[in-house]
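Following the hints, complete the assembly by docking chain B onto the known chain A.
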Amino acid sequence: NAGVTQTPKFQVLKTGQSMTLQCAQDMNHEYMSWYRQDPGMGLRLIHYSVGAGITDQGEVPNGYNVSRSTTEDFPLRLLSAAPSQTSVYFCASSKGPGDTEAFFGQGTRLTVV
Amino acid sequence: GNSVTQMEGPVTLSEEAFLTINCTYTATGYPSLFWYVQYPGEGLQLLLKATKADDKGSNKGFEATYRKETTSFHLEKGSVQVSDSAVYFCALTLFYNQGGKLIFGQGTELSVKP
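From first to last, the protein sequence lines stand for chains A and B. Each residue of the first sequence is one higher than the one before, starting from 1 at the first, in my numbering. Each residue of the second sequence is one higher than the one before, starting from 1001 at the first, in my numbering.
So that you can see chain A by itself, here it is in the shape it has in the complex (with noise of 0.2 Å):
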């Protein structure tokens, strides 16, 4: 069972490049979300996205954009990267309403210099 895959696990950006972190998950799950953790300050909620074509903003949303064109699949855009976005990168997956229960991936270690 793959439940939720991200890519690529280490990334080194130099400021103002972009990239996209790939997150997928193959348990069909209706809801998505991307947390950043930085020590200290526990996980905290980037975007997040309720189904195909809904996403919304969570706490720290600035620098980066999302798009939910599929249900498997929850891309993270750095459009401008800047040192403050190194960082490690989780995405989650849970069932839908009323499921509580989350998947997350590996994480991706991403360093901006």
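Quick caveat, the hints were computed from the structure, so don't treat them as lab data. Bear in mind the structure is a predicted one, so any value in this text is a computation, not a measurement.
Derived BS3-like pairs: lysine-lysine, alpha-carbon spacing no greater than 25 Å straight-line: (1) Lys1060/B x Lys1049/B; (2) Lys1049/B x Lys95/A; (3) Lys1056/B x Lys1068/B; (4) Lys1077/B x Lys1056/B; (5) Lys1049/B x Lys1077/B; (6) Lys95/A x Lys1056/B; (7) Lys1077/B x Lys1113/B; (8) Lys1052/B x Lys1077/B; (9) Lys95/A x Lys1060/B; (10) Lys1077/B x Lys1060/B; (11) Lys1113/B x Lys1060/B; (12) Lys1052/B x Lys95/A.
Coordinates of chain B only, in the frame set by chain A:
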């Protein structure tokens, strides 16, 4: 606003010691509460959950009770093992899951020595 506060780490224990990691929350409505565990180099895994007041979640020897009167969800284990070394996150989600959004505490790193 809605938030989760958990005890600062790191916590270092000897094998077979008793573990408590404190977690308190602030939330509107009736949250569901969770403990997630992150082993080194991995993503988060659900450890246990409780969806209403006085529920007790349990898994792998860990337990936590949803205490509405003290807005707490402390994690306990009677006898820790080296394999329990990980980062533990307390989290909540609001009524009816609201799009799967989770609000996390800061995380507590646990190190268990043989």
